[in-house]
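2 protein chains.
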Amino acid sequence: MKRELLHTLQGLEEEYASKYLPHISIDCVVLGYHDRNLKVLLLKMKDLDQWSLPGGFVEHDMEIQAAAEKTLLDRTGASNIFLRQFKTYGSPCRTSDIYADMPEELWFKQRFISIGYYALVDYEDVEPQLDDVSQYCEWKDIRKLPQLMMDHRSMVEDALILLRKDLNYRPIGLNLLPEKFTMPELQSLYEIILGKKLNRGNFYRKILNYNILVKLDETRKGGAHKSPDLYTFDEVNYKEALEEGFKASW
Amino acid sequence: MKRELLHTLQGLEEEYASKYLPHISIDCVVLGYHDRNLKVLLLKMKDLDQWSLPGGFVEHDMEIQAAAEKTLLDRTGASNIFLRQFKTYGSPCRTSDIYADMPEELWFKQRFISIGYYALVDYEDVEPQLDDVSQYCEWKDIRKLPQLMMDHRSMVEDALILLRKDLNYRPIGLNLLPEKFTMPELQSLYEIILGKKLNRGNFYRKILNYNILVKLDETRKGGAHKSPDLYTFDEVNYKEALEEGFKASW
Chain A
113 MKRELLHTLQ
123 GLEEEYASKY
133 LPHISIDCVV
143 LGYHDRNLKV
153 LLLKMKDLDQ
163 WSLPGGFVEH
173 DMEIQAAAEK
183 TLLDRTGASN
193 IFLRQFKTYG
203 SPCRTSDIYA
213 DMPEELWFKQ
223 RFISIGYYAL
233 VDYEDVEPQL
243 DDVSQYCEWK
253 DIRKLPQLMM
263 DHRSMVEDAL
273 ILLRKDLNYR
283 PIGLNLLPEK
293 FTMPELQSLY
303 EIILGKKLNR
313 GNFYRKILNY
323 NILVKLDETR
333 KGGAHKSPDL
343 YTFDEVNYKE
353 ALEEGFKASW
Chain B
113 MKRELLHTLQ
123 GLEEEYASKY
133 LPHISIDCVV
143 LGYHDRNLKV
153 LLLKMKDLDQ
163 WSLPGGFVEH
173 DMEIQAAAEK
183 TLLDRTGASN
193 IFLRQFKTYG
203 SPCRTSDIYA
213 DMPEELWFKQ
223 RFISIGYYAL
233 VDYEDVEPQL
243 DDVSQYCEWK
253 DIRKLPQLMM
263 DHRSMVEDAL
273 ILLRKDLNYR
283 PIGLNLLPEK
293 FTMPELQSLY
303 EIILGKKLNR
313 GNFYRKILNY
323 NILVKLDETR
333 KGGAHKSPDL
343 YTFDEVNYKE
353 ALEEGFKASW
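Taken in order, these protein sequences are the chains called A and B.
Position one of the first sequence corresponds to residue 113 (this note's numbering), numbered consecutively onward.
Position one of the second sequence corresponds to residue 113 (this note's numbering), numbered consecutively onward.
Since the hints were made in silico from the structure, they are not lab data.
Heads up, a few of these hints could be off.
Identical copies look the same in the list; a pair holds intra-copy or inter-copy alike.
Said to hold, decoys possible - Computed cross-link-like contacts, DSS-like style, restricted to lysine-lysine with a CA-CA straight-line distance of at most 27 Å: (1) K327 / K156; (2) K252 / K327; (3) K359 / K327; (4) K338 / K318; (5) K156 / K114; (6) K151 / K308; (7) K182 / K252; (8) K182 / K333; (9) K292 / K351; (10) K277 / K318; (11) K182 / K156; (12) K351 / K327; (13) K114 / K158; (14) K252 / K156; (15) K277 / K308; (16) K277 / K114.
For clarity, every value in this text was computed on a predicted model and none was experimentally measured.
Take the sequences, apply the hints, and build the full model.
Here is the structure:
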């Protein structure tokens with residue numbers, strides 16, 4: 113029996129049961145880019161050796177998109193960010209493992225159908241915040257995920273597949289990269305999302321062809337090698353190019 | 113007051129409240145191709161001058177995908193068909209117009225968050241079936257839709273936008289066209305989905321380049337003009353080509 117977790121859940125029971133719709137939850141795959149890695153924001157519930165995505169519930173009079181925005185704001189302090197619904201998960205036994213040894217009448221133990229969102233945030237802007245039932249809230253490398261609870265690993269995988277498709281149609285780089293970035297940083301972001309190594313010369317040629325980058329009069333200082341040039345996005349050209357979609361095979 | 117509708121709803125109340133999860137519904141945009149038109153299957157509820165998409169609810173122990181399949185089977189008699197979840201709709205006031213003058217405690221009047229699916233069916237295979245609350249179930253031309261209730265028009269529009277994207281990645285033609293079809297029929301299907309006229313020569317050249325069509329030793333008899341050649345899909349080549357995605361701008 114997970115005593116501490118059960119105690120926490122029972123303490124929240126009354127408030128949650130009156131405030132939120134039953135059977136419906138929200139889960140967010142929050143992605144940030146740091147140190148040439150794509151990171152996912154995860155929480156570790158008390159008493160459990162598994163991690164989970166930031167999640168929430170839907171208040172009786174609240175839009176589901178607003179509920180997702182609130183979840184994100186509560187966990188990251190960030191608002192006005194790229195947030196997109198991608199899939200709803202509805203297996204009847206999604207949660208059965210976690211609450212197996214808890215009382216049947218527990219509000220958290222009911223069947224939840226969960227609406228999945230993915231969010232792209234600027235890593236530097238985020239201050240991870242604990243929720244009511246968790247012990248840690250941390251960024252984890254998407255390529256080295258710890259054990260995730262329920263169907264949360266599928267959610268991350270599904271979000272990544274969608275991100276791969278969206279790369280040619282939505283301003284993914286603009287939302288994930290800091291304002292100023294180097295070409296190797298941009299290339300590594302594409303490599304992680306596409307799940308493959310890209311040829312440097314081909315990548316540079318293709319991305320420069322779209323005319324969406326502005327080369328700055330600055331370089332990134334501090335490395336052992338020659339300081340690489342810094343770039344920023346030309347937002348107008350970027351958005352125009354996305355309307356047509358990038359046609360390149362990366 | 114819509115007396116007949118209310119009476120019907122009240123008669124179903126007890127069964128529905130015990131059988132289905134509250135707050136969650138399913139709506140299906142069912143598409144079929146006939147007579148060079150893309151058709152949507154719609155129902156007209158008793159007492160209302162508005163049409164609706166085929167919908168359903170989720171049984172307590174049922175997968176949401178299975179609930180969508182059941183909705184589709186019940187309304188069309190078709191199973192094993194292309195059915196894809198595309199978006200969940202969760203405005204708190206989705207249903208308020210329809211049930212405005214009905215009792216607050218009516219099961220149907222609660223807030224429903226609806227999971228939207230789209231289905232591609234072979235028009236000839238479908239025998240439209242009424243549900244418990246409807247008077248008619250008919251195919252309507254997607255370009256001449258009658259007034260739809262709630263957010264159902266947005267659902268049709270969203271499904272069509274997704275279909276447009278999926279055209280290059282999923283076997284849309286294979287699922288919508290009869291086994292044997294003419295090039296003008298294939299072209300008109302693409303024109304409706306893309307929402308624009310296509311140049312005949314360009315379309316023929318591009319689609320033939322993918323090597324997904326097999327020209328049959330038959331022609332379509334009966335027209336006033338020269339009988340057009342019949343084609344069928346080469347399913348193996350079609351699926352192979354879709355793995356890469358069609359790169360053409362149509």
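Going down the list of hints, with the structure as the test:
1. K327 / K156: Classified as neither: same-chain Cα gap 41 Å, cross-chain 59 Å, threshold 27 Å.
2. K252 / K327: Neither way: K252 and K327 sit 31 Å apart in one copy and 53 Å across, limit 27 Å.
3. K359 / K327: within (23 Å within a copy, 30 Å between copies)
4. K338 / K318: This pair counts as within: shortest intra-copy Cα distance 23 Å, inter-copy 47 Å.
5. K156 / K114: within (14 Å within a copy, 52 Å between copies)
6. K151 / K308: Only inside one copy: K151 and K308 sit 17 Å apart there, 41 Å across copies, limit 27 Å.
7. K182 / K252: Within. Shortest intra-copy distance 22 Å satisfies the 27 Å Cα cut-off; inter-copy 40 Å does not.
8. K182 / K333: Answer is neither; intra-copy 38 Å and inter-copy 61 Å both fail.
9. K292 / K351: within (18 Å within a copy, 41 Å between copies)
10. K277 / K318: both (17 Å within a copy, 23 Å between copies)
11. K182 / K156: within (20 Å within a copy, 37 Å between copies)
12. K351 / K327: within (18 Å within a copy, 42 Å between copies)
13. K114 / K158: within (8 Å within a copy, 52 Å between copies)
14. K252 / K156: Intra 11 Å, inter 51 Å, cutoff 27 Å: intra-copy only.
15. K277 / K308: both (14 Å within a copy, 24 Å between copies)
16. K277 / K114: neither (40 Å within a copy, 46 Å between copies)
Violated hints, in rising order: 1, 2, 8 and 16; the structure is consistent with all others.
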